[in-house]
Amino acid sequence: MVQLLDVMQRALEGAPMSESDYQLRSFAAKVQEKVREYKIKYDPASPIPNDRSLAKDLFEAAIELVVDVGAYCTDTSRVISYTEGEVKEAIRNAPSRLRMGEGRNQKDFVSRKVGDKTPPWCLLGAGGGACSSDTSFLTLVEGYAEIPETDAITTPALTRVGGMRIRPASPLEVLGAMRNAVLAREACNRVGREGIPIMNSLSTAESDIAFAAALHPKYGMRRSDGYMICCMDPMKVDFARLNKVAVALSLGGPIGMCFGPLLGGYAGGPEGTALSNVAHHMMGLLTYQASWMLPFPLHLRYVSSSSREMLWVVSSTGQAISGNSDILSVNLNYTSAGPCTPMCLYETSATVTAAVTSGLSIESLGVASNRYEDRTTPVEPRMSAEVGHVVAGMKLPDANELAKKLLAKYESKIKTPPLGKPLQECWDADKRRPTTEYSRVVKSFKKEMAGLGVKLRPEEG
Amino acid sequence: MDDKGVWKQLGDAVLSYDSEAAKKAAQNVVKSKIDPLRAIEKGLFPAIESVGQKYEDMEIYLPELMLAAEAMKSALDVLLPLIPKDQKVSKATVVIGTVQGDIHEIGKNIICNMLIANGFTVVDLGVDVKSSVFVEEARKTGAKIIGASALMSSTIGSQKDIVDFLSSMGERKKFAFLVGGGPTTGEWASEIGADGWGEDAPTAIRLANKYAKGR
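Protein chains in written order, with the numbering used here: chain A, 1 to 461; chain B, 1001 to 1215.
FYI, nobody ran anything at the bench for these hints, they're computed from the structure.
Don't take every hint at face value.
What the hints assert, rightly or not - Calculated pairs, SDA-like style, for lysine to any residue (alpha carbon to alpha carbon, straight line, at most 20 Å): (1) A:LYS413 <-> B:LYS1085; (2) A:LYS30 <-> A:SER81; (3) B:LYS1031 <-> B:GLU1056; (4) B:LYS1160 <-> A:LYS30; (5) A:LYS415 <-> B:LYS1160; (6) B:LYS1160 <-> A:LYS113; (7) A:LYS113 <-> A:LYS413.
What the hints assert, rightly or not - Pair ranges (Cβ atoms, derived): (8) B:GLY1170 <-> A:GLU37: 53 to 63 Å; (9) B:GLU1136 <-> A:LYS447: 58 to 68 Å; (10) B:GLU1171 <-> A:PRO171: 52 to 62 Å; (11) A:LEU249 <-> B:LEU1080: 25 to 35 Å; (12) B:SER1032 <-> A:LYS88: 51 to 61 Å; (13) A:ARG25 <-> B:ARG1206: 44 to 54 Å; (14) A:SER53 <-> B:PRO1081: 35 to 45 Å; (15) A:GLU37 <-> B:GLU1049: 27 to 37 Å; (16) A:GLY163 <-> B:GLY1214: 33 to 43 Å; (17) A:ASP428 <-> B:LYS1213: 45 to 55 Å; (18) A:GLU425 <-> B:SER1190: 47 to 57 Å.
Virtual Cβ for every residue (Gly too), placed ideally from N, Cα, C.
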């Protein structure tokens, strides 16, 4: 079993290579070689494909890719290599179940299969989206914790402390990360869900020092939370990330590795991006010692995961992972459009459908490409979770038809999406519900979804 | 081989992403006593522009764009020293990097290579670059433009630090300062006093063209 010291030894003694050579001549070249060898092909007519051989080929090709290119340590400029036996052992030993949370909110996060009726693990919130103040932060997290389907929280990221904009790896970031932990727990407490796990610990902590500082138990983080560490694309790691791994392992919390291969980036088109996405799952088990995975593949141009090609990437990744392993995987989706727009809700419905019917769980979501401060509300994750619960168990051909109908509602607008309204203009914090205008958008959305065969909970009020 | 044959050799090397072939073609320019400036303008520029367009149209992806730019650089390493200093090859020099504390490089790499494809000289400072280094390098290289990328909401503050640095040194007017990256917006660019926001590669190129002759 590959452990942290093995990773470090290989980071110090592996084959030296420049970063550029690793990315362009090793990783990118091998991805395309495997895509050709396994004849992996994107079909625009099937954004949610129904092809078992594709899932098998992607999985096999991903194992070979990890063995061929390993991971890359940017601090030592060396390749961290793994044998086929080590990769397969890591896949076999990956946990299929994790007990998360405390008390009434304790629940098992379990792996799913294609067409599984088990509802997806719903990690709901902002996906690390930027938020301008403690007040917005609390409003959002209270709202997320009140969603009935919420199994775990993904918090926003604070951008200011004491009126000052956070600077990386500075005391402001350390203080911001500590505040992130305290406020997240407080917000859950305020709505009676104190035991709910926070699984993006901690979005404000980009540096290793802020991460380590904020995980001190006095700030409320627990080993039943999820300790998330982001991988550098493609398949890269540095000492700061490995420092986070060392800290998280010592605290006993399950590490989730998040990674966002870009369609159009080093892995190329949809086929290479799906392959890279699957391979990152395996690399994360080894290099980042992760117990669960958080893929968030994005379209480089649209910075979202709702375009036709992206649905295919999400679905084919899900089918490859869930069809060939028990790796716990939660797909984080981004929309192009913003809150209070129908498009945003259709976009998240499409990606959630692709993920859930293909055997993945969901983290929802980054709204309006997660670009703007406070441009997210508790409504979008709630709709995502409701859709996720309803489509669990749906067969792939039916999911494909649904996805195509949803795409028809927004595909033409994805290059110039409506950005909607910020939190303060479409969410009533005192009443803990959307404004009348947004409620109307939601009701109309639910009516349309019912027309497509997806009957969501009747909207209150 | 005549001029056109050598120009084609240069262009083909870029179009096939082949640095070795590009270097050899450039050496052929020297051997054949062909005007190096004309060789760049007629051989390299059309090829790299075509690669840039293909990337914009998503016919090719980031690795091909970067390999084509590398091939172009291999040829330029041979040809540029032969061109008299009073003859201008590039539109302007752009100093670019990812801000301090941020190690994300894909967006920055795309812009670097698209700038090269559009006739700019690029000084790529890499990632996690101190604010003062942007300014020092811009001074040293005679750049007209400084570009700073940031992908995290916790790191965009460093873009403001660069503006502060330039202002405190009395050099704000000397360089156009452009920002880009995931959490940046037009409003943010205005708030910190940047000259523009490269929302995407075409916008970044438009802004670079606008400020190629200075601010």
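Hint check results:
1. A:LYS413 <-> B:LYS1085: violated, 48 Å
2. A:LYS30 <-> A:SER81: holds, 15 Å
3. B:LYS1031 <-> B:GLU1056: violated, 35 Å
4. B:LYS1160 <-> A:LYS30: Violated, at about 40 Å.
5. A:LYS415 <-> B:LYS1160: violated, 29 Å
6. B:LYS1160 <-> A:LYS113: violated, 47 Å
7. A:LYS113 <-> A:LYS413: It is violated: about 32 Å lies between the C-alpha atoms, which goes past 20 Å.
8. B:GLY1170 <-> A:GLU37: 53 to 63 Å: holds, 59 Å
9. B:GLU1136 <-> A:LYS447: 58 to 68 Å: Given about 60 Å between the Cβ atoms, the range holds.
10. B:GLU1171 <-> A:PRO171: 52 to 62 Å: violated, 29 Å
11. A:LEU249 <-> B:LEU1080: 25 to 35 Å: Taking Cβ atoms as reference, LEU249 (chain A) and LEU1080 (chain B) lie about 51 Å apart, which means the hint is violated.
12. B:SER1032 <-> A:LYS88: 51 to 61 Å: Since SER1032 (chain B) and LYS88 (chain A) have Cβ atoms about 56 Å apart, the given range 51 to 61 Å holds.
13. A:ARG25 <-> B:ARG1206: 44 to 54 Å: violated, 32 Å
14. A:SER53 <-> B:PRO1081: 35 to 45 Å: violated, 55 Å
15. A:GLU37 <-> B:GLU1049: 27 to 37 Å: Taking Cβ atoms as reference, GLU37 (chain A) and GLU1049 (chain B) lie about 33 Å apart, which means the hint holds.
16. A:GLY163 <-> B:GLY1214: 33 to 43 Å: Between GLY163 (chain A) and GLY1214 (chain B), where Cβ atoms are some 36 Å apart, the hint holds.
17. A:ASP428 <-> B:LYS1213: 45 to 55 Å: With a Cβ separation near 51 Å, ASP428 (chain A) and LYS1213 (chain B) satisfy 45 to 55 Å, so the hint holds.
18. A:GLU425 <-> B:SER1190: 47 to 57 Å: violated, 21 Å
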